[in-house]
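K.L.:
Chains as they are written, first to last, in the working numbering: chain F, 119 to 505; chain G, 119 to 505; chain D, 212 to 545; chain W, 212 to 545.
Honestly, the hints are just simulated from the structure, not real lab data. Virtual Cβ for every residue (Gly too), placed ideally from N, Cα, C. Accuracy of the hints is not assured; some may be wrong.
Said to hold, decoys possible - Pair by pair, the computed Cβ-Cβ distance ranges are: (1) G:R400 / F:D131: 22 to 28 Å; (2) D:G267 / W:W396: 57 to 63 Å; (3) G:E488 / W:D445: 20 to 26 Å; (4) W:D462 / D:W396: 38 to 44 Å; (5) W:A463 / F:S485: 23 to 29 Å.
What the hints assert, rightly or not - Below 16 Å or equal to it, Euclidean Cα-Cα: the simulated EDC-like pairs (lysine to aspartate or glutamate) are: (6) W:K521 / G:E455; (7) F:K411 / F:D146; (8) W:K521 / G:D460; (9) W:K521 / G:D459; (10) D:K521 / F:D244; (11) W:K521 / G:D453; (12) D:K521 / F:D457; (13) G:K411 / G:D148.
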Amino acid sequence: MTGITGTTGMTRDADRMLPSREPVMLLDPDGRPTAADGDGLPASEELLRGLAGMIVARRFNEQASALVRQGRLAVYPSSYGQEACQVAAAQVLTGEDWLFPTYRDTAAAVARGVDPVEVLGLLKGDWHSGYDPYDRHVAPLTTPLATQLPHAVGVAHAARLRGEPTVVLAMCGDGGTSEGDFHEALNFAAVFGAPVVFFVQNNQYAISVPLARQSAAPSLAHKGVGYGMPGEHVDGNDLAALLDVLSGAVERARAGAGPQLVEGRTYRMQAHTNADDATRYRADDEVAAWAAKDPLVRLEAYLRTEGVLDDARAADLTEAAEQVARRTRDGLNQDIEPDPDDLFRFVYAQPTPQLMEQLAVVRDELSRDELSRDELSRDELSREETR
Amino acid sequence: MTGITGTTGMTRDADRMLPSREPVMLLDPDGRPTAADGDGLPASEELLRGLAGMIVARRFNEQASALVRQGRLAVYPSSYGQEACQVAAAQVLTGEDWLFPTYRDTAAAVARGVDPVEVLGLLKGDWHSGYDPYDRHVAPLTTPLATQLPHAVGVAHAARLRGEPTVVLAMCGDGGTSEGDFHEALNFAAVFGAPVVFFVQNNQYAISVPLARQSAAPSLAHKGVGYGMPGEHVDGNDLAALLDVLSGAVERARAGAGPQLVEGRTYRMQAHTNADDATRYRADDEVAAWAAKDPLVRLEAYLRTEGVLDDARAADLTEAAEQVARRTRDGLNQDIEPDPDDLFRFVYAQPTPQLMEQLAVVRDELSRDELSRDELSRDELSREETR
Amino acid sequence: MTTTAVEHATLSTAQAINRALHDAMAEDPSVLVLGEDVGTLGGVFRVTDGLTAEFGEDRCFDTPLAEAGIAGFAVGLAMNGMRPVIEMQFDAFAYPAFEQVVSHIAKMRNRTRGRVALPLVIRIPYAGGIGGVEHHCDSSESYYAHTPGLHVVAPSNPADAYSLLREAIASPDPVVFLEPKKLYWAKGVVALGPGGEPGIGAAVVRRQGTDATLIAYGPTVPVALEAAEVAARDGRSLQVVDLRSIVPFDDAGVCAAVESTGRAVVIAEAAGFASVSSEIAARVSERCFHSLSAPVRRVTGFDIPYPPPKLEHFQLPSVDRILDAVDELQWEDA
Amino acid sequence: MTTTAVEHATLSTAQAINRALHDAMAEDPSVLVLGEDVGTLGGVFRVTDGLTAEFGEDRCFDTPLAEAGIAGFAVGLAMNGMRPVIEMQFDAFAYPAFEQVVSHIAKMRNRTRGRVALPLVIRIPYAGGIGGVEHHCDSSESYYAHTPGLHVVAPSNPADAYSLLREAIASPDPVVFLEPKKLYWAKGVVALGPGGEPGIGAAVVRRQGTDATLIAYGPTVPVALEAAEVAARDGRSLQVVDLRSIVPFDDAGVCAAVESTGRAVVIAEAAGFASVSSEIAARVSERCFHSLSAPVRRVTGFDIPYPPPKLEHFQLPSVDRILDAVDELQWEDA
Ligand SMILES: Cc1ncc(C[n+]2csc(CCOP(=O)(O)OP(=O)(O)O)c2C)c(N)n1
Ligand SMILES: Cc1ncc(C[n+]2csc(CCOP(=O)(O)OP(=O)(O)O)c2C)c(N)n1
Ligand SMILES: [Mg+2]
Ligand SMILES: [Mg+2]
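Bound-form chain F, shown alone (with noise of 0.2 Å):
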């Protein structure tokens, strides 16, 4: 076989592909390097990036949080507690790289420059996605799991036959990966050796199903060698570990090497929205020993043991997060008003007949109901005598 979509086929061999036997961890909870002379430890620069990235997700968490609990947001999943993986999902990427996230992973959008108020968008109701894709290279959030990944594959082949440098990272939950797109995706990847990164935030939980319940392997890593890619799993509460699997993973795929496992253990610490109760199907105790393991406090004091950060330093990080929950309040606390032209204007380049005929019914039901502005319409009248 030749051309670029040739592969090596049965020769490569399994036990680089296998993860490592326990979870790579460079920083423990502590923030201690887990190796004496800190061996793969990222730069301090980097780290602190990461770190001012971090507590900007954190607050846009509590921030879109909030504004479901006073009605401007109608649903918020919350990567609270799952920080570290989105920050280091957006920090490993250039700019011409692309990003897949979850219907989850916000704040990782977030983290690659996407406006926070138009991210929310498909929360909030105005429309499905908010974004431009092509601004940033973020693929628009959606709900159905599993299914960008074989979009992501090919995205990243596309950018092959063009001989662009582009990798694309595409985010999966653990519950994610039952699907059969996940399958069919990684085995598209690795038999065109497509550059992907499949980053699969294990946080215990698709919804109240538990991580036995999704899976019976070792590890969610080890699928990786059964499409003969390299799996790796690594502690996804620790940035330092994340931004240096991950940004291995990347450089190896823009290199040519292929696509790529990583599993980042973590953990859900809120409800999987807030219309969700936790309490329900899991014990108070196990979500407690997993806030012992906060990304942000242990990267923190890492760095100020280092002697990077100090409290001024960190009153600046502070602030600037400050800053994206402003933006965001105020925009998700501007109303705009829904023009239901809207409706018949994308579904194609060039509306059909048919469309054309449906919109007609709805600009004559909206004037009419501009002509009877002062009147109450049909509608209200009947709720108006049946009171």
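Using the hints, position chains G, D and W with the ligands against chain F.
P.N.:
Structure of chains G, D and W with the ligands alone, referenced to chain F:
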């Protein structure tokens, strides 16, 4: 988690799930035991039974292909060359167990006792499925690839819920492993600990597409670990090895150890079906190399050396196969007058009023045809006139 | 099993479905409930609440997150003596299971000449009106209704939800059971036990009327009833037919209704093109041709992807839009 | 690019499609052809024959055997500058891709307010009449036609196959391109280059007639033409309309045709219930109400799974069945 649907979760040991370095082989292509002491070799009677089955399967393949040439069968996907896999799949099961074949596995169904004429029903065109699946516990042969695998898991789980010792052996091709249904079925089986043996006949091709375009994995057996089940690969032309590995997997499943994945490395010696032209995509010398590994030749050589088989016995086996071929021929040469009422009879337990109306249309047409039996129908008339 | 003294209870639709599952499980040990989050959590709409606690993990349980897997697994369960009731968490999340539904669930009985029956129910919370985001509001009934071999049922009230679901579970054939999400919280009096309401296949006239017939099912039935109420005040008498079952279709009942008024409006949330509402309009136009004083009108969703929450009211058949359609039924000729 | 001197060639439908792919690939390097067995083999119907040899493995290639993967992969290719043309090997084997088609391919442009267009074509060899076994003969057009965001096209002859496919590949929107398998070997004269035939969205009157209108598309067009031929000998003048494009639908063309005769029969292979033929019957009944002298009849597949080869002739709309329907168009009133 309690109940029989519980699993042990993420504690399993990856090492015992990885396949052997090389596919298991007990008899080499010349029929010589690979272990000096014949270690692992099934009992001679088992092997003789297997040889008898393979001779039937080979003859059945030849007969069915001949029937295509004679116009009695529309199409036949032959398992010529894969007879060891076909026979082993049936031989390792008890009567209460279930076999889930692919569309190519007619010979396996025959080996399990399904009537050879009924098994060819789909390909003859009388009806979609010609045999009663409950009769021999063989699921219907259908064409949508890998879709039967989740069914197999459901059958196994239902039996387990009732405490029955049923094991299900579910077959699939190398191509079929790429489908999402393969993934979801293996995952369900592993999570529920269902007694299923997934048996992949890797015959190197999916129609024209070679294995390298299907998977980049070190072997298809390496897919097991990603679900938390053992994967093993076997020389798929070595009946002894297949019986050994598959019956081990069946007995472990029966004992409650959960599912297993077995890959049989074999080769599709003929074209995909008679409608296919394999010379368009593969070289003759590749085919010739595999011809030298014929599963019948190797087992016959071994059994002759062992003194279990002599010419008289061999003639008996050939005659038994000839009888199956005769029965196949005779049955296929009989034309069943299709009953159009059948079109409406089995869609629901009770036909809907809509179907009763539609049946009446057909009956009315037929009764009018009957009336005008001696006249020409309008259709024929038009053809007459345009001649 | 027939109960003589029928017990009644006031329940929401969600509770009625829960009760139907409960009662069916209590009566028949082969009834299993499975899907995503149906176990410990009791479903995202709490429709399966308490079933695991009462019947144990072997009878009501969570599966891995894979809809084709759930449907295919249920095929195997049904092949081997069980009566699985599977939940697809939301309408659009049933699409991954489409091949299993169309190529196996719908075809198994026919394929095997009646030897392999699949007594299984696919429960789908469906349709809009709850401010749900993309993929949570699809009206997918036409995909199933077009597929021979499936029964397709959509209750419009708690009593039907209970009764039709009991019948669906007892059916020897696969039933797609569409639960209008926006009616989950609507309450009503429910006759417990099987057979409390007319069976699958029977349409019901929910409101008598003489001027025109509104034909609705599932979530549009309450809207049709409201429209009829408003029209009555304008002096127009609208009849409302609730299909209840899309497949089989009650031709006799629907035609009798339309012939009695001579005018018809079909109301459905789904995009109109090549849909169940097309079928109803086509059947009524063909079968009641000489009784019709005006063309059959359709009030359906537009042929667009379901809109985001802030725009969904434009997509949903409303009282106003139904009354506009009624106005267009060529009364000048009457 | 417009060609002034149009070249013509006599080709089978399969060859015309092959030529359209070839010409589009030659003109635009972003056009890619992918699917199962489309590369070295050239497709099980040889529709992609020679494309890999001519354009190389990067332009026309085999994928792993996974239809959702193929469709999803094509989404990504189209998002990133390519114009993929994917093949689903047979109609029923497109169902695994249903979620990708319905939830992404159909919705991406709308979801992103026009920012992400998906210029891709899904080629599906479809429908029956070739003695194919189960799952190889489905008429699946209604599933796609009911899904807003897709264009759905079905040629009935080689010239349209070429022209409509060229337009589909050039379209900024996803097109489901349905290739009637039984017409693959039918020959015809094809105008090469883009725009040789009317565009997507235009129905064409294939035969003039004054007594009744037969409305067909794809595989039923030749049957309708044959029926009109036979009827002519009986002194009945039947007009034949070939839809060519199901979405968009040519309301103006179809209505003008039906109004000119006052009678209509819709002909389609697919099961009739909740289908494209329901839509056509409903639209024509509604829009041409006062011109109709008889109810619109439908000659469609029955509401059963597609039959096995030996029984398929009962399912396919035949000349006799079409003429029976024409006979029922209440001529006594005329
Ligand atoms: C195809 C599909 N099925 C079901 C759902 C409903 N659903 C939304 S989130 C969710 C759980 C997702 O779990 P996981 O993949 O682990 O991601 P997490 O929520 O933990 O981030 C489910 C079942 C969906 N969105 N898509
Ligand atoms: C879902 C699906 N897609 C495509 C096909 C068309 N098809 C029939 S056989 C085949 C190749 C199967 O290859 P493999 O699974 O290796 O089995 P083998 O033919 O080698 O026994 C294909 C693509 C199909 N039957 N089902
Ligand atoms: Mg999760
Ligand atoms: Mg194969």
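K.L.:
Quick check on a hinted range of 20 to 26 Å for E488 (chain G) and D445 (chain W), using CB atoms only.
P.N.:
holds (22 Å)
K.L.:
Is 22 to 28 Å a correct range for the gap between the Cβ atoms of R400 (chain G) and D131 (chain F)?
P.N.:
holds (27 Å)
K.L.:
Regarding the pair K521 (chain D) and D457 (chain F), is the alpha-carbon distance no greater than 16 Å?
P.N.:
Cα-Cα ~10 Å, so holds.
K.L.:
Do the beta carbons of D462 (chain W) and W396 (chain D) sit within 38 to 44 Å of each other?
P.N.:
holds (40 Å)
K.L.:
Compare the distance between the alpha carbons of K411 (chain G) and D148 (chain G) with 16 Å, and conclude whether the hinted pair is satisfied.
P.N.:
holds (8 Å)
K.L.:
Checking one constraint from the list: CA of K521 (chain D) to CA of D244 (chain F), max 16 Å. Satisfied?
P.N.:
holds (6 Å)
K.L.:
A range of 57 to 63 Å was offered for this pair. Does it hold for the Cβ distance of G267 (chain D) and W396 (chain W)?
P.N.:
holds (60 Å)
K.L.:
Take a quick look at whether K521 (chain W) and D453 (chain G) sit within 16 Å of each other, Cα to Cα.
P.N.:
Between K521 (chain W) and D453 (chain G) the Cα gap is close to 10 Å, so the pair holds against 16 Å.
K.L.:
Do the alpha carbons of K411 (chain F) and D146 (chain F) lie within 16 Å of each other, as the hint requires?
P.N.:
holds (8 Å)
K.L.:
Check the following: the C-beta atoms of A463 (chain W) and S485 (chain F) are separated by a distance inside 23 to 29 Å.
P.N.:
Holds, at about 25 Å.
K.L.:
Would the hint linking K521 (chain W) and D459 (chain G) be met if the CA-CA limit is 16 Å?
P.N.:
Given that 16 Å is the threshold and the Cα spacing comes to 13 Å, the pair holds.
K.L.:
Given the hint that K521 (chain W) pairs with E455 (chain G), test it: the Cα-Cα distance must not exceed 16 Å.
P.N.:
It holds: about 9 Å lies between the C-alpha atoms, which stays within 16 Å.
Of the numbered hints given earlier, the model fails none.
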